[in-house]
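Heads up: the sequence lines are chains R and U, in that order. Under our numbering, the residue at position 142 of the first sequence is numbered 142, and the numbers go up by one with no gaps. Under our numbering, the residue at position 62 of the second sequence is numbered 62, and the numbers go up by one with no gaps.
It should be emphasised that the hints constitute simulated quantities derived from the structure, not laboratory data. Quantities reported herein were computed from a predicted structural model and do not represent experimental measurements. Watch out, some of these pointers could steer you wrong.
Below, simulated BS3-like cross-link-like pairs (lysine-lysine); rule was C-alpha separation at most 30 Å, straight line [said to hold, decoys possible]:
| no. | chain 1 | residue 1 | chain 2 | residue 2 |
| --- | --- | --- | --- | --- |
| 1 | U | Lys2 | R | Lys135 |
| 2 | R | Lys137 | U | Lys248 |
| 3 | R | Lys137 | U | Lys244 |
| 4 | R | Lys137 | U | Lys33 |
| 5 | R | Lys137 | U | Lys247 |
| 6 | R | Lys138 | U | Lys55 |
| 7 | U | Lys142 | R | Lys135 |
So you can see what is in the structure, the chains are spelled out below.
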Amino acid sequence: MDAISLNSIRLTINEKKILDNLTMSIPQGSAVTIMGPNGAGKTTLLRVASGLVRPTSGEIYLFGKKFDKNQRLLGYIPQNLGLVGELDVFTNVMIGALRRMPRWRAISGTYTKDTVSEAYSLMYDLKISHLKDTKVKKLSGGEKQRVAIARTLIQKPSIILADEMTASLDFKAAVTVMDIFTEIKEKMGITLLMTHHNPEIAKMYSDNVLILINGKIEKNIPSKEITKETAEYLYET
Amino acid sequence: MKPSRFQYTWIAIVLIIIGSSVHLGFNPLSIIKDTGNSVVIVEELLEFDFSVGEKVLWSLIETLEMALIGSSIGFAFSIPAALLAARNISPSYVSAAFRGLLGILWSIPPLLWAILLVVIVGLGPTAGILAISLYIMGLSGKYLYEIYESQNVSAYDAMHVIGATRMQIARFVTIPEALPHMGNQYLFLLSYSVRESSILGLVGAGGIGFYIIHHLESLNYGKAAPFILAILAVTLAMDYASTKLRKKLVHN
C-alpha cells in the first residue's frame with residue numbers, strides 16, 4: 001500500500017509553475033529521497049505534501065484516504081528544523097506531543113507521566129538525554145537535528161517529511177544522525193520522504209531517489225544505481 | 001557634472017527645511033541676540049535654593065513610581081495586544097483591528113493623554129500613570145508585533161503540521177523567542193517613562209514636573225534648579241543602568 005500519493009499536483013505562483021502536473025507515490029515503510037538542483041521545487045513539494053501549501057490543483061492521498069489535516073499521520077522536519085532556540089531540549093521535544101494532550105495541559109506545561117517517559121525514552125535513543133535542560137540555541141548542529149527528530153517521533157507519525165535534514169552537517173555528523181534516525185524509523189515502521197543534496201547520503205539511507213527538475217519528476221531510480229554521473233547530471237541541469 | 005538623484009533629494013530636503021524656517025519666522029540666532037535674558041536665567045538657575053530638598057525627594061520618588069507602574073502596566077498589556085496584532089498569529093480582521101488600536105495609542109503623545117485623563121480622572125498621579133500606560137502599550141505593542149512577525153518561519157511551519165492551536169503557538173514559539181527582546185525593551189521603556197513622567201506634572205498629572213513649572217512660572221529659577229538637576233541625574237543614571245543591564249541580557 002502507498003503511504004503517500006500525489007496525483008497531478010500543480011502549483012502556480014504569480015503565473016510561474018512551481019510544481020507541474022506532478023504525480024508520485026511512496027510505498028509504506030520505504031525511504032525515498034528527492035534530489036534536484038536549487039529551485040527545482042523540492043522544498044515546495046514537501047510543503048504541499050505536508051498540507052502547509054495548498055496546491056493549485058491535484059490531490060494528495062495518505063494510506064488511500066484523501067488528505068485531511070486532522071488525520072495527523074504526518075511528521076515534518078523543516079529545512080531550518082523549526083526548533084525554538086529559547087526553550088530547552090525537553091520542552092522542544094514535548095512540543096511534538098501537544099496535539100495528543102488536553103489543551104489545558106499543553107498550555108500550562110503539566111504533562112502526563114506517559115508522555116514525559118516517552119520523551120525521555122526518545123531522548124535516550126537519540127543520545128540527547130544529558131542535554132534535556134539545555135537551551136536549544138546552545139546546541140551544535142548535530143544535536144539540534146536529533147532534537148528535531150525526537151520532536152517529530154513523539155508525534156507518532158506514520159510518515160515523516162524531512163527537508164534537507166542534514167544540510168548543516170559534515171558528512172560524518174550526517175551519517176551519525178541518519179544511522180540513529182534510520183534505526184528508530186525502521187523499528188517504528190515509518191515511511192520517510194526526504195530531500196537531500198548529498199548523493200552519498202541518499203544512496204545510503206533511501207530505497208529510491210526521485211529526480212525533480214523544474215517541478216516535474218524526471219526520473220525514479222533505485223538508490224543503489226546512483227552514480228557520480230547521476231549527481232553530475234543533477235547539478236549541471 | 002549633472003547632480004545625481006540622491007543629490008537632488010538632499011537639495012530638496014534642505015530647501016524644505018529653509019522654507020519651513022522662513023514660514024515660521026524661526027531664527028536660531030535669537031538666543032544669542034538677546035543674551036540679557038539668557039544670562040539672567042542661567043545665573044538664577046545656578047543659585048540653587050536647597051530649601052526645597054524634601055519636596056525634590058518626594059516628587060522624584062512619585063515620578064519614579066509613576067514611571068514604574070505606568071510602563072509596567074502598558075508593557076504587560078502590550079504583550080497580548082501585539083499577539084492579536086501580529087499577522088502571522090491572528091486572523092487578518094483581528095490583526096487589522098489591533099494594529100489600528102495600537103497605532104492610535106502610540107500616535108497620541110503622553111502629555112496629550114495626560115491632558116485628556118486629567119479631565120476624566122482629575123488632577124494627580126493616577127492621570128499620569130494612565131497616560132504613560134496607554135502610550136507605552138501603543139509603543140511597545142507596535143515594536144512587539146514586528147518582533148513576532150520577524151520570527152523563524154520554520155518553527156511556525158513545524159507547529160502547524162503538528163496541529164498546534166494559535167494559543168499553543170503563542171505559548172511555545174512566539175513568546176519564548178521574543179523574551180530576550182522583551183527584557184531589553186522593558187528596560188528601555190522604563191527609562192523612557194521616567195523622562196516622560198517628569199513632564200506630566202506640567203498639566204497636573206503628578207510627578208516632579210508640577211514643581212518645575214510652578215517655580216518657573218513664579219520666576220523662582222533658583223528653586224526650580226534642584227528639581228531640574230534631580231531629574232537630570234536620575235534620567236542619566238537610569239539610562240546608564242538600563243544600558244548595562246541590556247548588554248547583560250544580550251550576552252545571556
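Evaluated hints:
Taking the CA atoms of Lys2(U) and Lys135(R), the gap is near 57 Å; set against the 30 Å cutoff, the hint is violated. Using a Cα cut-off of 30 Å, the hinted pair Lys137(R) and Lys248(U) holds, with the two alpha carbons roughly 17 Å apart. For the hint linking Lys137(R) to Lys244(U), the alpha-carbon distance of about 23 Å falls within 30 Å, and the restraint holds. Pair hint Lys137(R) plus Lys33(U) does not hold up; C-alpha atoms about 60 Å apart against a cutoff of 30 Å.
Taken as a hint, the Lys137(R) and Lys247(U) pair is honoured in the structure, with Cα atoms around 18 Å apart against an allowance of 30 Å. Proposed proximity of Lys138(R) and Lys55(U) is contradicted: the alpha carbons are some 51 Å apart, above 30 Å. Annotation: proposed proximity of Lys142(U) to Lys135(R) holds, straight-line Cα distance about 28 Å (limit 30 Å).
Comparing the model with each numbered hint stated earlier shows that hints 1, 4 and 6 do not hold.
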